[in-house]
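Student: Starting from the known structure of chain Y, fit chain A onto it as the hints suggest.
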Amino acid sequence: MSDAPTAPREVLGISGVGKNFGAVRALRDIDLSVQAGEIVALLGDNGAGKSTLMNIICGSNTPDEGEIRVSGQPMSGLADAKRLGVGVVYQDLALAPHLSLTENLFLGNELRRGPWLDRKRMHAEARAAIEKLGISTLRDVRLPVGSLSGGQRQVLAVARAMKWASDLILLDEPTAALGPKQVGIVLDSIRIAADHGLGVILVSHDIPNVLKLADRIVILRHGTIIADMRPAGLSVADVMTVMVGDEEAA
Amino acid sequence: MTAAAPNASTSMGSAPALKHGVARVFGNRAVQIIAVEVVLIAVFQTLSPSGAFLSEANLRGILLTASQVLLLAAGQAVLMSAGQIDISQGAVLILSSVVSGQMMIAMGTSSPVGVVILVGLVVAIGTGAVLGAVNALFVGVVGINSLVTTLGMLSLATGIAQVATKGVNLVGIPAELAAGFGSATIGAFPVPTIVGLVILAVIWALYRYTAWGTHTLAMGSNFLAARRVGIKTLVNTIGIFVLSAGLAGLAGFIDLARYSTTNISGHTNDSMAAIAAALIGGTALTGGRINFLGVIVGAFLAIILQSGLVIINLSPFYQTIAIGAMLLVAVSLDRSSRNRRTT
Numbered sequence: 005m006s007d008a009p010t011a012p013r014e015v016l017g018i019s020g021v022g023k024n025f026g027a028v029r030a031l032r033d034i035d036l037s038v039q040a041g042e043i044v045a046l047l048g049d050n051g052a053g054k055s056t057l058m059n060i061i062c063g064s065n066t067p068d069e070g071e072i073r074v075s076g077q078p079m080s081g082l083a084d085a086k087r088l089g090v091g092v093v094y095q096d097l098a099l100a101p102h103l104s105l106t107e108n109l110f111l112g113n114e115l116r117r118g119p120w121l122d123r124k125r126m127h128a129e130a131r132a133a134i135e136k137l138g139i140s141t142l143r144d145v146r147l148p149v150g151s152l153s154g155g156q157r158q159v160l161a162v163a164r165a166m167k168w169a170s171d172l173i174l175l176d177e178p179t180a181a182l183g184p185k186q187v188g189i190v191l192d193s194i195r196i197a198a199d200h201g202l203g204v205i206l207v208s209h210d211i212p213n214v215l216k217l218a219d220r221i222v223i224l225r226h227g228t229i230i231a232d233m234r235p236a237g238l239s240v241a242d243v244m245t246v247m248v249g250d251e252e253a254a
Numbered sequence: 003m004t005a006a007a008p009n010a011s012t013s014m015g016s017a018p019a020l021k022h023g024v025a026r027v028f029g030n031r032a033v034q035i036i037a038v039e040v041v042l043i044a045v046f047q048t049l050s051p052s053g054a055f056l057s058e059a060n061l062r063g064i065l066l067t068a069s070q071v072l073l074l075a076a077g078q079a080v081l082m083s084a085g086q087i088d089i090s091q092g093a094v095l096i097l098s099s100v101v102s103g104q105m106m107i108a109m110g111t112s113s114p115v116g117v118v119i120l121v122g123l124v125v126a127i128g129t130g131a132v133l134g135a136v137n138a139l140f141v142g143v144v145g146i147n148s149l150v151t152t153l154g155m156l157s158l159a160t161g162i163a164q165v166a167t168k169g170v171n172l173v174g175i176p177a178e179l180a181a182g183f184g185s186a187t188i189g190a191f192p193v194p195t196i197v198g199l200v201i202l203a204v205i206w207a208l209y210r211y212t213a214w215g216t217h218t219l220a221m222g223s224n225f226l227a228a229r230r231v232g233i234k235t236l237v238n239t240i241g242i243f244v245l246s247a248g249l250a251g252l253a254g255f256i257d258l259a260r261y262s263t264t265n266i267s268g269h270t271n272d273s274m275a276a277i278a279a280a281l282i283g284g285t286a287l288t289g290g291r292i293n294f295l296g297v298i299v300g301a302f303l304a305i306i307l308q309s310g311l312v313i314i315n316l317s318p319f320y321q322t323i324a325i326g327a328m329l330l331v332a333v334s335l336d337r338s339s340r341n342r343r344t345t
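Going down the list, the sequences are from chains Y and A.
Residues are numbered in our numbering as their position in the first sequence, beginning at 1, plus a constant of 4.
Residues are numbered in our numbering as their position in the second sequence, beginning at 1, plus a constant of 2.
Here chain Y stands alone, though its shape is the one from the complex (with noise of 0.2 angstroms):
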């Protein structure tokens, strides 16, 4: 994570984007900005296109149509998200269950003396990244990771896209599987992640916590943005209202 100024800038810029399956159009003319520091929620039906969207933005798919941009650098494909410095948190976590806890944090960024693995350095990062979560059931950064419960296992995926998140970190359902204390552990990181200047995009069913947490709400319906909002004096009927539409909430 940065520890650069919270001066506004723009983290994300999404312009044009459109994406096709086949005969079905998933996306169309999304436009979207994400400033430094900044936490929008992107919410829609089931459906909506927020995957789609979630995946072109994260560089695991690329869009037919559009241009993204990360701190003004073009983005296409998952070694540029790498390279940008995008974390991810992917709504099956994306971790690999033989591997211990701290082999999974650094997977892809490992931390090297020459051409030979820093296990000792990574174990200790892994512990500080760890404990700066405030997670004190995951004290054991050795352990392989398919030994965790389903909630430990979010909070490491979480700890890893904010670990090496630089500029834009992506969030789909980070608290899906979590207890109540360990929403409240995630959504206080998200906010501290936003403080020290990261842009977050965070797709949540949670329609409440987002309403406390995010500084916009941007709503996806039939594969594109129908709104783009403050939170502020929302209730959850307001939002619902919008994700589904009068037709559907008549």
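Derived from the structure by calculation, the hints contain no laboratory data.
One or more of the hints may lead you astray.
[What the hints assert, rightly or not] In silico EDC-like links for lysine to aspartate or glutamate, alpha-carbon gap of 20 angstroms or less: (1) Y:Lys-167 to Y:Glu-135; (2) Y:Lys-86 to Y:Glu-71; (3) A:Lys-234 to Y:Glu-114; (4) A:Lys-234 to Y:Asp-84; (5) Y:Lys-136 to Y:Asp-199; (6) Y:Lys-167 to Y:Asp-210.
Tutor: Here is chain A on its own, set in the frame of chain Y:
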């Protein structure tokens, strides 16, 4: 020599710690197999005429056979840890030995014998590597399952070897190859066995101390996750198939060195032996876990069984039954112990 996440270390008193340590040692797959092997050796030594099982000649034969099985099992274990499999190793071994042998015969006496042998070695490993790259491209680029791809290669390589030799094993391999390598020893150990063990140790060290091992295990544990964190999964897939087949090529060269001829019909089941050795040793067929010490003792288990059953004059049919039963018992024990740990 297990590459996977080690267990948690917790603070405890010396007596429970000792108990925990002992339980951990005896819970180790390799230690369990070594115990079985000690019992088998004792039984075969007792039953064999004049104690022939532990005779110098028999031990030497066991070690020489192990040199080839170790190379194949090492390559297979690496592939299995990445969630892949190669059932074409035996065929790659055969074709590599044929191409290498034909090259050495073609060079004849036109070059110094040392050069001829060196070229033969490079050609054997190179042939294996090329066939491995072909396997990898079908798996990584075309997207065909590795079992299906290598089943095709098994048939293809065997067929090419038979066409190239018209089904007749080669003669005319330089005699110096057997004298200087195939039959050579350092102390009591055959040189090919030492070569096999050194290569295995190098691969273990790379697995343990470089990111390559972690990335390979990650590919076997969760391929999509490995790709998402930026691991070059295609490059790594090509690398491990080339490694495995290159080792099969080296095993083919050892074949030439041991027998001074090819063995076109003698290696088609070698992949199965290698898979069995890796599985018995605790490497997971589904990926994410590898046990190098287990590979060594697993390879020796099958060879000890084979040699012992021959020496006590049991029909060869019983050998395959015994090895198959051993494999099923080992994998079942592994599964039940893992189930106990997760419930």
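Student: Decide, hint by hint, whether the structure agrees.
Tutor: Now the hints, each set against the structure:
Of the pairs offered as hints, the one joining Y:Lys-167 and Y:Glu-135 holds, with about 12 angstroms between alpha carbons and a cut-off of 20 angstroms not exceeded. Distance check on the hinted pair: Y:Lys-86 and Y:Glu-71 sit about 17 angstroms apart at the alpha-carbon level, within 20 angstroms; holds. Distance restraint check for A:Lys-234 and Y:Glu-114: the Cα-Cα separation of roughly 14 angstroms lies within the 20 angstroms cut-off, and the hinted pair is therefore satisfied. Taken as a hint, the A:Lys-234 and Y:Asp-84 pair is honoured in the structure, with Cα atoms around 13 angstroms apart against an allowance of 20 angstroms.
For the given pair, Y:Lys-136 sits about 15 angstroms from Y:Asp-199 by alpha-carbon distance, which is consistent with the 20 angstroms threshold. A C-alpha spacing of about 24 angstroms is found between Y:Lys-167 and Y:Asp-210, which places the hinted pair above 20 angstroms, so the restraint is violated.
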